[in-house]
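Trainee: Hey, can you work out the whole structure from these sequences and the hints?
Listed in order, the protein sequences are those of chains P and V.
My numbering puts the first residue of the first sequence at 1, with every later residue one more than the last.
My numbering puts the first residue of the second sequence at 141, with every later residue one more than the last.
No lab work stands behind these hints: they were computed from the structure.
We put the beta carbon where it would ideally sit given N, CA and C, even for glycine.
Among the clues, some could well be false.
[Stated by the list, open to error] Stretches of chain P that chain V covers, calculated by requiring three or more beta carbons in the stretch to come under 8 Å of a beta carbon on chain V: (1) 30–36; (2) 94–102.
[As the list claims (entries may be wrong)] Some chain V residues close to chain P (C-beta under 7 Å, calculated; not the full set): (3) 163; (4) 167; (5) 169; (6) 170; (7) 172; (8) 174; (9) 176; (10) 202; (11) 205; (12) 206; (13) 207; (14) 208; (15) 209.
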Amino acid sequence: MLYLKKEDYDKILKHCVDGLPNESCGLIGGTKDGSDKYIKKVYLLTNLDASNEHFSMDPKEQLNAIKDMRANGYELLGNFHSHPESPSRPSEEDKRLAYDTKVNYLILSLMEIDNPVLKAFNIDEEKNVTVEEIKICDTI
Amino acid sequence: MVVTIAGEKKKIKEGTTVAQLIIDENVENADYVTVTINDEFVDSENFDSTVINENDVVEFLYFMGGGSL
Chain P
1 MLYLKKEDYD KILKHCVDGL PNESCGLIGG TKDGSDKYIK KVYLLTNLDA SNEHFSMDPK
61 EQLNAIKDMR ANGYELLGNF HSHPESPSRP SEEDKRLAYD TKVNYLILSL MEIDNPVLKA
121 FNIDEEKNVT VEEIKICDTI
Chain V
141 MVVTIAGEKK KIKEGTTVAQ LIIDENVENA DYVTVTINDE FVDSENFDST VINENDVVEF
201 LYFMGGGSL
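Mentor: This is how it looks when you write it as C-alpha cells:
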C-alpha cells in the first residue's frame, strides 16, 4: 500500500494540469514500513521532452531531488507522470523504460479533466505490471 | 579507501573504476544508469577510465522516462 497526503496529491495534480497539453513528471520520496510506503515529499520535475506523448526527467533535477531525500532521511519510492489523453496504465514505452524494479510508477490520467485518475504500478524485469494500491489521506 | 555510494559510506579498493563499481554494487540495468561523482555527471563512455577517489560521493540514477502511447 502506498500512502499519499491529500496536499501532495493536489501538488501532483496541479503540476500535471499546469503542464498540459504536455506530459508532466516528478519523483516521490518517503519511508517504508514493511510493505507499506509513506510518501513524505513530492518533487515536481521538468519534462525535458516537452511532449504530450512522452517524457524524460531532467537528470540534474533528479539528482537534486535524491540529495534532498537523503538529507531528510527519505528514500526514493517512485516516480509519477501524466497521461494527458490516455488512461492510467503503463504504455509499452512506460514498461520498456521502467529500469528500476524497486520503485513504484504512478500515472495520473487527465483524459477526463474533471475526473483525474491516479494509479500506481510495479513493473518487474520481465515487464510484468501489478497494481499498487494508493490511499490518499489527510495526514500520514 | 572510504567513499559514499548512494548515501552509504563503503570501503572499496583503490583504483576502482566507475565500470567496476557498477559491477561490484550489482546495479541492475546498468546500461540505463547515469553516474555522478561529487555532483558531476560522468559520461558513460568514460566509465572504464574514470577512477573513484577517496571520499568521493557517488550516485547511480536511473533514466526515468516513458510515454503515453
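Trainee: Which of the numbered hints are not met once you compare them with the structure shown?
Mentor: Of the numbered hints given earlier, those the structure breaks are 1, 3, 4, 6, listed in rising order.
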